[in-house]
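As they're listed, the protein sequences go chains W and L. Note that the numbering used here has the first sequence beginning at 18, numbered continuously upward. Note that the numbering used here has the second sequence beginning at 1054, numbered continuously upward.
Just so you know, not all the hints are guaranteed correct.
Under the rule of at most 25 Å between Cα atoms (straight-line distance), these lysine to any residue pairs were calculated in the SDA-like manner [what the hints assert, rightly or not]:
#1 34/W to 76/W
#2 1200/L to 266/W
#3 194/W to 145/W
#4 1057/L to 132/W
#5 1269/L to 90/W
#6 233/W to 268/W
#7 19/W to 87/W
#8 1199/L to 93/W
#9 233/W to 71/W
#10 93/W to 1285/L
#11 208/W to 1285/L
#12 194/W to 264/W
#13 93/W to 1293/L
#14 93/W to 1295/L
#15 35/W to 1265/L
#16 1199/L to 1383/L
#17 1199/L to 188/W
#18 1269/L to 107/W
#19 233/W to 72/W
#20 93/W to 1265/L
#21 1269/L to 103/W
#22 93/W to 35/W
#23 1269/L to 131/W
Hints were generated in silico from the structure; no laboratory data involved.
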Amino acid sequence: MKEAILHTAGLAVGYNKKALIQDIEISVRPGQIVTLIGPNGAGKSTILKSITRQLDPIAGTVNIRDTSIRHIPERKFAQTVSVMMTGWTDPEWMLCEEVVESGRFPYTGRLGLLSAHDREKVQEAMELVHVTELAQRNFTQISDGQRQRVMLARAICQEPDILILDEPTSFLDIRHKLELLSLLKDLVRQKQLAVIMSLHEIDLAQKISDYVLCIKGDHIDRCGTPEEVFTSAYIHELYGVHRGSYNSLYGSLELDAPKGQPKLFVIGGGGLGIPFYRKLQRAGIPFIAGILHTNDLDYPVASALAAEVVTEQPFEPIREAAIRSAEKAMQQCDGVLCCLEQFGTQNQGNRQLLELAKQQHKLLTEIQWEAMLETTP
Amino acid sequence: MRQKRSVRYAIGYSILAILLCVLLIWNLNAGSVNLSVREVLEILAGHNSENTAIIWEIRLPRLLAAAMLGGALSVSGFLLQTFFANPIAGPFVLGISSGAKMVVALVMIFFLGRGIVLGSAALIVAAFVGSMISMGFILMISGQVKKMSLLVISGIMIGYICSAITDLVVTFADDSNIVNLHNWSMGSFSGMNWSNVRTMAIVVFVCLALTFLLSKPMGAYQLGEVYAQNLGVNVRLFRVQLILLSSILSACVTAFAGPISFVGIAVPHLVKSLFRTAKPLIVIPGCFLGGAVFCLFCDLLARTAFAPTELSISSVTAIFGAPIVIWMMLHRSTRKG
């Protein structure tokens, strides 16, 4: 295993000599992405600022290859670490190309004139981030997402060993978010960059990070691989989620389940139930979902949105006990909705439920279902 | 594409150079005694004529002063705009010129009242002290407010306070001082002699050279402090250098010619539009040339428009400069939506 290129020891960061976060131990190796997550205002940016020398640490040190960053000359530091922070001063009359060119600053002479080699690096960085076609555009006249990419090209052509990114995906739409992060992953692999970044999107953090640090209150609450850190329960605790839920396996967010007496029993399975659960959630109609195998696609959404879920063990045919409790649940409800058209061998129990609903005249027709969604306030 | 940019820069400099030559000659020709181009050239070549004194002792020092001080003023404006990341910052609107004016007036009255005539170096020092006083207030305010319009308004207020104090002391000064002071405090290039020109040339060109050497960090600073710092700029030192250079430049102008309005904003803006870039390496020499052209033109008008009455230079620069500033602010706000 490679040695850490940057590590902190007993770092405390904050403003005006008051420590906001203490005992920060970060260590990052070449080719590794370390992500800071935590609620808004937790101090992610403060940590990043302290690592990049914009803020003096309150205590402890930040070391790059065993030298404290305080003792690294400015030019050398600039050749080692490059940053991309949120926000920048809007420069007048500056072409995107010129913005990228500014990344070559630590390599140029007294007047900052670019050599042929510097120009090559600028071209290379712009191609890598796909902003070549923006080169001659005015930096203030492109979209936020494009600007973000131009700033990334700028950071790359600085040829750093360590890249520090503060919320690199803010302002980006879903396509550009994915593009930027895939690009970052490629870069890290190809150039063996070490990346430290903060991310808002925990679902993305889970997928891209090699190591995650969770900031809560005045300390790093938990750290480890994404698999160790990202449990639904812990994410709820870290962010203080009171309403709705986060599913750590899929990285998906669900809103609150509708409250009150369940009105509808929904027979689902195989992903067919999810659109109906969501419709009911939006309409604010409480419902019971069943009978779902706990490994069914529908199960995570149902357990987030339904008042109750009638379940069966994975890979078992639906057994008598489950059918009994489903029947009981159906009694409480005014109607039954069946999302299924076919039933497999393990799923015969649900066919039984459907027959029962038909006998009791509880099965909703399509017209009744639509009327129900419309009439509920 | 890069070639296109270089061509643009070459054209820009050529335009400024041609304008500068035309205005230099025009300034030598025009005045209460109109001279032909040929006559002027002959006098410059060393031929003696009845008008030699007019050219050598009056017009030449005056136009050199106008050119150098105009250049200094717009470079000073460009430095302040970079510092505050604010295109409408300038020594006049931020009250820095007025601060310099106030201290120079106080010092002059104090020493003239005791029969001591101060040299130009002493006046520059006094103006520099005044600039730094206003600058101190502006820096304090800029630490509190980030909005550029508020900063400019504060600067204008500081300017008013300084002008009020200046007016007050002028009112109570000896009669003999007032004529001198009054002319100067309105802004004028008149009465320059060769010794003045020599002193200002040293100050202005040393500062200009130092400013030019700062063009690399200035370029890095245009994306904001964070990025400048990340690129290896010692931001604290750099900010001090910017403040000192811009204050010395504008102090030098105020010491010799009094406060001159709007040159510091209008010229950098025009130069940036002409070159279509804000690269300090290009813009700093461009600003100097542009400022020289602008002030030569305005001084020409000040001298000749209502001859023999001479206008104050500030009135003329305001007439041409203020509309440019207004247009520029409107243009910016519409572009930002």
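Looking back at the hints listed earlier, which ones does the structure fail to meet? Violated hints (numbers, rising): 2, 8, 15, 22; every other hint is consistent with the structure.
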